[in-house]
Amino acid sequence: MRAFLIYTVDGVTNGMVYAAVALALVMIWRATRIINYAQGAMAMFTTYIAFFVIEHGTPFWLGFVIALAAGLALGAVTERVLVRPVESRPALSAVILTLGLLIFLEALAPMLFGAQVQSFPAPFSRIDLTAGGTQLYFSRFDIFTVGSVLCVMVLLFVLFQRTTIGLRMRAAAFNPEIARILGIRVGRMLTLGWALAALLGALAGLLAAPVLFLYPTNMDEVLVFGFTGAIIGGLESPVGAVVGALGVGLALSYVSGFLGSDLAPLGSLLILMAVLMIRPRGLFGMTRQRQV
Amino acid sequence: MLEVAELTVAYGGVVALDDVSFSVPEGAITAVLGANGAGKTTLVRTISGLVRPRHGSVLLDGAELVGRSPESIARLRVAHVPEGHGIVSELSVDENLRLGGLWRRDRAEQRVAVDEAYALFPPLAARRRGPASGLSGGERQMLSIGRALAARPAVLLLDEPSLGLATRLLAQIMERLGSLVAERKLSVLLIEQNARSALSVAGQAVVLSLGRVVVIDEAHRLAGDEALRHAYLGF
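From first to last, the protein sequence lines stand for chains P and A.
The first sequence begins at 1 in my numbering and counts up by one.
The second sequence begins at 1 in my numbering and counts up by one.
You may find that some hints are simply not true.
Unchecked claim - Estimated spans, in silico, between C-beta atoms of each pair:
# : chain 1 : residue 1 : chain 2 : residue 2 : range
1 : P       : M273      : A       : G84       : 34 to 44 Å
2 : P       : F157      : A       : L210      : 45 to 55 Å
3 : A       : S57       : P       : V154      : 48 to 58 Å
4 : P       : D220      : A       : V15       : 46 to 56 Å
5 : P       : E87       : A       : R104      : 24 to 34 Å
6 : P       : F157      : A       : F235      : 51 to 61 Å
7 : A       : R111      : P       : A115      : 53 to 63 Å
8 : A       : S69       : P       : L159      : 17 to 27 Å
Hints listed in this document are in silico derivations from the structure and should not be mistaken for laboratory results.
For every residue, glycine included, the Cβ atom is placed at its ideal position computed from N, Cα and C.
Take the sequences, apply the hints, and build the full model.
Structural data, given as structure tokens:
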């Protein structure tokens, strides 16, 4: 029982990090029909920026905010410089460009920051809490991880569903041509969408680094697991992505806990295959009818 | 006033519009008629900036529209109701209506404009919170027109509003539109394949055939010219 609880908490905490990546992938997919393979590398890079400024005397939380801001900027620049010019080409061109960005960032990071594995500070203790002498199975850092991702998700939900800028972004994503003839500056909305997705990715990077350590490829697995979660969720559904990613987090935690950590990636593959065989559109996928 | 002058559009080597010139006066409906493939939809898409012409100009009260983006043309108060409604089916009815005037920034004014659209098309008010995908064909057309009007346009481009609509419903929509046209000094460009209905509401009509203007005349005279009706309008 005790082991089960530990693995469950672990799974949820990791799952929330995967969920942030999954949601970022879904946001970009919905807006531009592109899978951003560089999502993990972008998060790695912004985490390095935090690491760099903190090493040079910036207070931790300021460094944290700088990394999030860098995420926003990196997302916006990626859309403007890389994705926009190939907008009218087949979607594959943009996807290959994001792969290129992945390779570029993973090569650039060691040049700028060194290739060695760095330990990245956690903002809160990673030692499990105790309540009145009873050992709990989660730490302050676990609470922060789950809480901050939830918080950003709620903020994004409010932004998309309750504000006019969110309405514009949704219209631009669902039907760009109609949005344009209604006077919506679709290009700006897409830039903003990429920026927000990269912000979410940057948060995932900051939350993953204290656990995984920081090195140029530290987010590769997180991207794969987040991607798996997004696919399980149907790739279209933000809620599906979060549920899918939490499922992946839990499953991986149980597999590596009970069966051995070497089997974890295999477990992720098995879940993905199982879901895709039973429900090829993902758990939350639906047939969507688009009007031209 | 909207003035189209010497407009030529080609897709690759295929000429869709060839040296088209006419003007759309204020406070009246100008119908553009013609068979499938005559270039009617290309014409509205060019005016609203979705298609770049090879040659020619589109002037709105003297300001050149050719070369501007669709979003900036919309912001010059040109509203386009595209063929097949063009509603965003993933959004709610209310969200679709609000989209129309969103670029104008003035919140109170936007709400008034949206409420006017509900008053104009009461069936929409009953389905306000529902998804736009749940609307019938007629309601979708009302939504699309209501959304365009919510932007308080100076020019309204209507592309085949009769498509898939019951005659009675179309007549209702056209009647409501007709009273707005005079009231708000709207310039309306009405693209129609259903020539009979269009000629009954329009002031003047432009007949296109294979991308060229064949006739420009007052609507009632066109409706009375049997030879022309047979040749180009099919009734």
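A quick look at each hint next to the structure:
1. At roughly 40 Å, the beta-carbon separation of M273/P and G84/A lies within the given 34 to 44 Å, and the hint holds.
2. As the Cβ distance of F157/P to L210/A is approximately 52 Å, the hint placing it in 45 to 55 Å holds.
3. Under the hint 48 to 58 Å, the C-beta atoms of S57/A and V154/P, about 50 Å apart, fit the expected range.
4. Separation of D220/P from V15/A is about 53 Å and conforms to the stated range, judged on CB atoms against 46 to 56 Å.
5. Look at E87/P against R104/A: about 27 Å separates their beta carbons, and that is inside 24 to 34 Å.
6. Between F157/P and F235/A the C-beta distance comes to about 53 Å, which sits within the given range of 51 to 61 Å.
7. The given range of 53 to 63 Å is respected by R111/A and A115/P, whose C-beta atoms sit roughly 58 Å from each other.
8. At roughly 25 Å, the beta-carbon separation of S69/A and L159/P lies within the given 17 to 27 Å, and the hint holds.
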